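Protein chains in written order, with full-length UniProt numbering: chain A, 1 to 91; chain B, 1 to 91; chain C, 1 to 91; chain D, 1 to 91; chain E, 1 to 91; chain F, 1 to 91; chain G, 1 to 91; chain H, 1 to 91; chain I, 1 to 91; chain J, 1 to 91.
The set of hints was computed from the structure by calculation and includes no laboratory data.
Straight line, CA to CA, 20 Å or less: simulated EDC-like cross-link-like pairs of lysine to aspartate or glutamate:
| # | chain 1 | residue 1 | chain 2 | residue 2 |
| --- | --- | --- | --- | --- |
| 1 | C | Lys39 | A | Glu59 |
| 2 | B | Lys24 | H | Glu13 |
| 3 | J | Lys39 | B | Glu59 |
| 4 | H | Lys24 | G | Glu13 |
| 5 | F | Lys39 | F | Asp57 |
| 6 | A | Lys24 | A | Glu36 |
| 7 | H | Lys39 | I | Glu59 |
| 8 | B | Lys39 | J | Glu59 |
| 9 | F | Lys39 | G | Asp62 |
| 10 | D | Lys39 | D | Asp62 |
| 11 | I | Lys39 | I | Glu59 |
| 12 | A | Lys24 | D | Glu13 |
| 13 | J | Lys24 | A | Glu13 |
| 14 | F | Lys39 | G | Glu59 |
| 15 | E | Lys39 | D | Asp62 |
| 16 | I | Lys24 | J | Glu13 |
| 17 | A | Lys39 | A | Asp57 |
| 18 | E | Lys39 | E | Glu59 |
Keep in mind it's a predicted model, so treat the numbers as computed, not measured.
There are 10 protein chains.
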Amino acid sequence: MLYYVAMQINIPETLDAERVETIKAAERSRAIEIQETGKWPHLWRVVGQYANVSIFDVESNDELHQLLSSLPLFPYMSIQVTPLSRHPAAI
Amino acid sequence: MLYYVAMQINIPETLDAERVETIKAAERSRAIEIQETGKWPHLWRVVGQYANVSIFDVESNDELHQLLSSLPLFPYMSIQVTPLSRHPAAI
Amino acid sequence: MLYYVAMQINIPETLDAERVETIKAAERSRAIEIQETGKWPHLWRVVGQYANVSIFDVESNDELHQLLSSLPLFPYMSIQVTPLSRHPAAI
Amino acid sequence: MLYYVAMQINIPETLDAERVETIKAAERSRAIEIQETGKWPHLWRVVGQYANVSIFDVESNDELHQLLSSLPLFPYMSIQVTPLSRHPAAI
Amino acid sequence: MLYYVAMQINIPETLDAERVETIKAAERSRAIEIQETGKWPHLWRVVGQYANVSIFDVESNDELHQLLSSLPLFPYMSIQVTPLSRHPAAI
Amino acid sequence: MLYYVAMQINIPETLDAERVETIKAAERSRAIEIQETGKWPHLWRVVGQYANVSIFDVESNDELHQLLSSLPLFPYMSIQVTPLSRHPAAI
Amino acid sequence: MLYYVAMQINIPETLDAERVETIKAAERSRAIEIQETGKWPHLWRVVGQYANVSIFDVESNDELHQLLSSLPLFPYMSIQVTPLSRHPAAI
Amino acid sequence: MLYYVAMQINIPETLDAERVETIKAAERSRAIEIQETGKWPHLWRVVGQYANVSIFDVESNDELHQLLSSLPLFPYMSIQVTPLSRHPAAI
Amino acid sequence: MLYYVAMQINIPETLDAERVETIKAAERSRAIEIQETGKWPHLWRVVGQYANVSIFDVESNDELHQLLSSLPLFPYMSIQVTPLSRHPAAI
Amino acid sequence: MLYYVAMQINIPETLDAERVETIKAAERSRAIEIQETGKWPHLWRVVGQYANVSIFDVESNDELHQLLSSLPLFPYMSIQVTPLSRHPAAI
Numbered sequence: 001m002l003y004y005v006a007m008q009i010n011i012p013e014t015l016d017a018e019r020v021e022t023i024k025a026a027e028r029s030r031a032i033e034i035q036e037t038g039k040w041p042h043l044w045r046v047v048g049q050y051a052n053v054s055i056f057d058v059e060s061n062d063e064l065h066q067l068l069s070s071l072p073l074f075p076y077m078s079i080q081v082t083p084l085s086r087h088p089a090a091i
Numbered sequence: 001m002l003y004y005v006a007m008q009i010n011i012p013e014t015l016d017a018e019r020v021e022t023i024k025a026a027e028r029s030r031a032i033e034i035q036e037t038g039k040w041p042h043l044w045r046v047v048g049q050y051a052n053v054s055i056f057d058v059e060s061n062d063e064l065h066q067l068l069s070s071l072p073l074f075p076y077m078s079i080q081v082t083p084l085s086r087h088p089a090a091i
Numbered sequence: 001m002l003y004y005v006a007m008q009i010n011i012p013e014t015l016d017a018e019r020v021e022t023i024k025a026a027e028r029s030r031a032i033e034i035q036e037t038g039k040w041p042h043l044w045r046v047v048g049q050y051a052n053v054s055i056f057d058v059e060s061n062d063e064l065h066q067l068l069s070s071l072p073l074f075p076y077m078s079i080q081v082t083p084l085s086r087h088p089a090a091i
Numbered sequence: 001m002l003y004y005v006a007m008q009i010n011i012p013e014t015l016d017a018e019r020v021e022t023i024k025a026a027e028r029s030r031a032i033e034i035q036e037t038g039k040w041p042h043l044w045r046v047v048g049q050y051a052n053v054s055i056f057d058v059e060s061n062d063e064l065h066q067l068l069s070s071l072p073l074f075p076y077m078s079i080q081v082t083p084l085s086r087h088p089a090a091i
Numbered sequence: 001m002l003y004y005v006a007m008q009i010n011i012p013e014t015l016d017a018e019r020v021e022t023i024k025a026a027e028r029s030r031a032i033e034i035q036e037t038g039k040w041p042h043l044w045r046v047v048g049q050y051a052n053v054s055i056f057d058v059e060s061n062d063e064l065h066q067l068l069s070s071l072p073l074f075p076y077m078s079i080q081v082t083p084l085s086r087h088p089a090a091i
Numbered sequence: 001m002l003y004y005v006a007m008q009i010n011i012p013e014t015l016d017a018e019r020v021e022t023i024k025a026a027e028r029s030r031a032i033e034i035q036e037t038g039k040w041p042h043l044w045r046v047v048g049q050y051a052n053v054s055i056f057d058v059e060s061n062d063e064l065h066q067l068l069s070s071l072p073l074f075p076y077m078s079i080q081v082t083p084l085s086r087h088p089a090a091i
Numbered sequence: 001m002l003y004y005v006a007m008q009i010n011i012p013e014t015l016d017a018e019r020v021e022t023i024k025a026a027e028r029s030r031a032i033e034i035q036e037t038g039k040w041p042h043l044w045r046v047v048g049q050y051a052n053v054s055i056f057d058v059e060s061n062d063e064l065h066q067l068l069s070s071l072p073l074f075p076y077m078s079i080q081v082t083p084l085s086r087h088p089a090a091i
Numbered sequence: 001m002l003y004y005v006a007m008q009i010n011i012p013e014t015l016d017a018e019r020v021e022t023i024k025a026a027e028r029s030r031a032i033e034i035q036e037t038g039k040w041p042h043l044w045r046v047v048g049q050y051a052n053v054s055i056f057d058v059e060s061n062d063e064l065h066q067l068l069s070s071l072p073l074f075p076y077m078s079i080q081v082t083p084l085s086r087h088p089a090a091i
Numbered sequence: 001m002l003y004y005v006a007m008q009i010n011i012p013e014t015l016d017a018e019r020v021e022t023i024k025a026a027e028r029s030r031a032i033e034i035q036e037t038g039k040w041p042h043l044w045r046v047v048g049q050y051a052n053v054s055i056f057d058v059e060s061n062d063e064l065h066q067l068l069s070s071l072p073l074f075p076y077m078s079i080q081v082t083p084l085s086r087h088p089a090a091i
Numbered sequence: 001m002l003y004y005v006a007m008q009i010n011i012p013e014t015l016d017a018e019r020v021e022t023i024k025a026a027e028r029s030r031a032i033e034i035q036e037t038g039k040w041p042h043l044w045r046v047v048g049q050y051a052n053v054s055i056f057d058v059e060s061n062d063e064l065h066q067l068l069s070s071l072p073l074f075p076y077m078s079i080q081v082t083p084l085s086r087h088p089a090a091i
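Working from the sequences, and respecting the hints, build out all of it.
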């Protein structure tokens, strides 16, 4: 079951620089880990923004929320989720 | 080169019903035709809306505009285009 | 699997009055039919608006889109779908 | 009398981490306490957001405001309240 | 129980002029009728707009929706309803 | 001369807690003082928000700005002012 | 007493062309008439739009609404009114 | 003197198809005519939209409004004008 | 050449109180200085807001930017500039 | 291949003043460096704002993102990218 997910990252300036680096490294590891399960088949950078456009393929709404909230950058992201269904003209 | 494209269809009520059906059939044919070239790798329906979420893979901005404006429903669509680039954590 | 669905109805003034009544009656029948399956557990009117707030309980995104697009008023509705998951503090 | 209530939580980064945990624990307790009175019949998490979608069932506007403002996270929430009434097609 | 209600009137140009006059006269009568019950204590015109700002005093959400939807201009109005409660500093 | 005034209060988290209490007490006193002059005939709390909906009755735009800017919370409020006039159907 | 008034004109395409010309001529006459009273001291065109930016100098909110609603294009305008007061640094 | 101008074209469906073609041809001629004067140095199509992004180089605000309002599609365009000045880091 | 300029002031709470007073005094002096040149013919306070509505009369876009960016509060203002031209019905 | 790029700069007040100056100087150098390659043919200041309007001419979406994210002010900018194509009436 597919979902379009748009993530915008907003790290507050007041956050400690070292902690930011630690979180970003953890984010990267976790993102790769989820992708390797096949549940995050597409991940693209939005040109000119600290944001991404993603497609998730999961069993349920609950599973999607568990995956998204497991991301180390989750507290600093604004996330929009759009459920997708099969398009009648898709080949 | 990838682009995220969101298309919202708004067919005016005043349009003749038969003409609408003709345009929709032509749209379907043209959508399949473009997908078969490999330039429109993903096409999904947004749940609850007469709208789609798409990924296009083209050589240039010009090519993308030519493809989109060749769609029979183009005059009745509101389209947002977001250029994508490779994400550093994508596998 | 639950979804919050907000439907706003906008019937164009140019639509024939009799056809409007036919569509509304069909909408009412179809709404009752879906509710009786248990897949549309909550349906409320928004005070002061020709709009509703609904909760759907379905197996998948595809099933939700099929139900929503089967509504006779679907072409005249603006629909927003929000996927829900279990809240950790819900009893 | 039913109300649709959407709560978005925004805890400022500058808040002390320990105090945040204390507030969250108190929030959880108070949320359960209100639910047990039957006045907060539905509480769902919005997928991908630190936000919830709720239905409240109270005697009056005043009672709803008292309940909402009694939540420990109230100062850090953006809340939208929509009054609901019976839908003519609800079964 | 008080509610702040903002009504914006948008009568489509395609509506027959005579019918518009009939509806406006009926709206005026119904508005006076409701005010005389004490349930619509305040009704003001927004300067420069075909819109009003109102306060309603009713027993329930259902009663408010019945009153608003009984207005002859209801199909041509965009209405926003905000529930009010007692302010701690109000005298 | 009447004005609809919507005030939304946003006190920054970085403000000293004691100073906040002092300002709120002063705000309360000043709000009561203005109401007693008859120039602030209505003051209601918006349900679920740290915000109010008010009606002011003053001699001029200048007088309204002097009253609003005399409020101790003025620097922390987002205020919208809408001039009102007599509604032709008001009784 | 001064007000900033922004008027955006939207004449529906379905309106008879001759009637449009009649209304525009009447608008022009009425606009000049009001300006000659001194109550509409400034009237400017917004570059690239069928819109104007105006300053009105009137005795009351009621008078402003009477002037604005007397404009022949009033039914086809979206108008925003902002009350102004003396600026402490104005010379 | 430079201005950034964004033009969005919205031709109503109710407009006669032949008249639309006449207007579009006239628009094209007039656009070329203005470009040849050097006052419209840049004109680009926005990908996926019936819209353009333009730079105008004119003597004054008045001249810009005269040029824009001389376009045959002017009544059907939504235009945003942004005045530009020299950037300190431009070479 | 006239421009409508709307300035909204947002001074961050974290700024030192004394420095704020110094900047405000400098702002006042600079505002008077510019007004005395005749290039800032109108300056009004927006009722209920720390904001102003202004008309500037300058030779060019560059001159307007130089004037606005010379204001001591410039770094703390959100400014919208709208170019104006002569209105055909202005007397 | 051309893109319209709008950059809005928002430097947080909490950032050290000296570091801000260092970043701005680096930004200026990098901006000049990119312009000299011919890939950033136009760079204008938006009048009254700490913002710019730019045209980039690059080989691909990836190249554009690399250029934009190489700007020292990138973490403090809100950037909107609009892909452009040739306009049929451009000379």
